[in-house]
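2 protein chains.
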Amino acid sequence: MTGLDTNTEDIILKAARKVFTHKGFDGARMQEIADEAGINKALLHYYFRSKDKLFEAIFVEVLNTVFPKIIAVLMSPVSLFEKIEKVSFNYIEMLKKNPDLAIFVFHEISRNPIRLVGNFKNAGADFNIIKIQIEEEVKAGNMYPIKAEHLIANLISMCVFPFIARPVFMGMAGMDNDAYDQFLEERKQIIPQTIITAIKTRK
Amino acid sequence: MTGLDTNTEDIILKAARKVFTHKGFDGARMQEIADEAGINKALLHYYFRSKDKLFEAIFVEVLNTVFPKIIAVLMSPVSLFEKIEKVSFNYIEMLKKNPDLAIFVFHEISRNPIRLVGNFKNAGADFNIIKIQIEEEVKAGNMYPIKAEHLIANLISMCVFPFIARPVFMGMAGMDNDAYDQFLEERKQIIPQTIITAIKTRK
DNA sequence: GTCTATAAACAGATAGAC
DNA sequence: GTCTATCTGTTTATAGAC
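Protein chains in written order, with our numbering: chain P, 3 to 205; chain Y, 3 to 205.
Hint data in this document are derived by calculation from the structure and do not stem from the laboratory. Be a bit skeptical, because a hint or two may be false.
A pair holds if it fits inside one copy or across any two, identical chains being indistinguishable in the list.
Unchecked claim - Derived lysine-lysine pairs resembling DSS-like cross-links, with alpha carbons at most 30 Å apart:
#1 Lys88 with Lys202
#2 Lys149 with Lys190
#3 Lys99 with Lys16
#4 Lys88 with Lys149
#5 Lys88 with Lys190
#6 Lys25 with Lys99
Required output: the full structure, derived from the provided sequences and hints.
Shown next, in the form of structure tokens:
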């Protein structure tokens with residue numbers, strides 16, 4: 003996260019990441035990336051040949067920031083309820099540090115869904131693990147049945163969407179920036195609480 | 003929705019809406035809009051002067067598709083639980099018809115949040131109505147207390163995000179297009195069920 | 001490796017004929 | 001109103017000096 007900014011290539015990557023994630027591929031300008039990096043446009047092409055190639059480097063990096071850690075939690079050998087708590091905490095924590103990533107990733111994927119294909123194979127996501135785990139919890143009488151697709155969609159939606167809709171939610175609820183950060187922090191508890199209360203069987 | 007495609011202005015608007023909502027402002031090309039409309043680039047400028055002006059027309063139209071109807075439901079004089087059901091149904095129904103709108107709106111707002119300011123004043127959204135309604139339901143013993151901000155955030159997140167994350171969720175869960183449409187349809191019931199079960203007091 | 005200068009392609013906007 | 005042709009500014013990318 004720090005200290006790697008000594009060589010030009012890393013300085014460029016850092017600047018490119020900032021500009022691309024904030025403006026998107028189409029809105030980003032090589033000039034702005036060069037300015038942000040404190041260097042010259044020509045040097046970007048010296049290191050990365052083209053805007054496309056530079057973007058590709060950033061996009062892979064971002065996908066590796068956004069997905070693998072959460073997938074690792076979902077695939078880990080802990081209880082379903084613990085997973086829900088961990089995913090909520092980790093996702094909100096990560097997005098608070100990188101608030102532009104959510105809208106960036108989904109905008110770029112919608113612009114060109116093909117980008118995903120190669121990246122999901124080696125992510126190690128085996129959705130059946132969750133399905134089986136839910137079945138077992140239901141069988142054990144710990145929860146009401148729900149399709150895994152909906153449970154996971156609910157969880158991720160509630161974590162990620164408030165970062166995408168930030169200005170809209172702020173406007174609706176009349177929150178300022180500090181209040182909204184506080185609101186996001188609260189969601190680390192609210193989300194597991196909501197999901198778990200909704201599905202848990204009282205014994 | 004139909005029949006208004008007889009005059010050139012409406013043909014342009016329809017084409018522009020398609021291209022802008024699919025590619026975003028930065029990714030859209032006047033040439034592509036002209037092609038889509040089956041006319042000439044110069045004619046776009048004859049009718050709308052500039053790309054900015056044309057976009058503005060589309061964006062206002064889209065905001066009026068996306069927000070007022072849902073706000074109307076939230077402000078209407080029906081029970082909280084009924085509101086939750088209606089919002090889920092209406093939002094999912096609307097987005098199934100206009101699947102590009104979700105990512106488009108939030109991307110453009112993040113690109114330039116100022117755009118929202120003028121548009122929320124006259125939307126008639128008074129968040130206190132929901133707050134008061136929740137307080138009353140809690141007082142009446144019908145539900146556990148929850149901040150209105152979280153309840154509404156949960157609701158809208160679960161409705162909208164699956165449209166934004168469509169390719170990702172499809173990849174994760176191994177769904178094809180038909181399966182995903184079915185999944186979205188199911189959410190009309192799953193979302194109110196999840197939220198209401200989570201908050202409702204059993205009497 | 002890094003810069004300045006410039007080429008080449010593109011995209012928005014206008015002029016002017018019909 | 002609609003078209004073709006063209007201008008102007010912008011943006012990516014390269015050439016070549018240091």
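Hint check results:
Taking the shortest alpha-carbon separations for Lys88 and Lys202, both the intra-copy value of 17 Å and the inter-copy value of 25 Å come in at or below 30 Å. Taking the shortest Cα distances, Lys149 and Lys190 sit within 30 Å of each other both inside one copy (23 Å) and across copies (14 Å). In this homomeric assembly, Lys99 and Lys16 come within 30 Å of each other (Cα to Cα) only inside a single copy, at 15 Å, whereas the closest approach across copies is 39 Å. Proximity of Lys88 to Lys149 under the C-alpha cut-off of 30 Å is found in both arrangements, the shortest distances being 20 Å within a copy and 22 Å between copies.
Proximity of Lys88 to Lys190 under the C-alpha cut-off of 30 Å is found in both arrangements, the shortest distances being 9 Å within a copy and 27 Å between copies. In this assembly of identical chains, Lys25 and Lys99 lie within 30 Å of each other by CA distance both inside one copy and across copies; the values are 17 Å within and 27 Å between.
Violation of the numbered hints given earlier is absent; every hint is satisfied by the structure.
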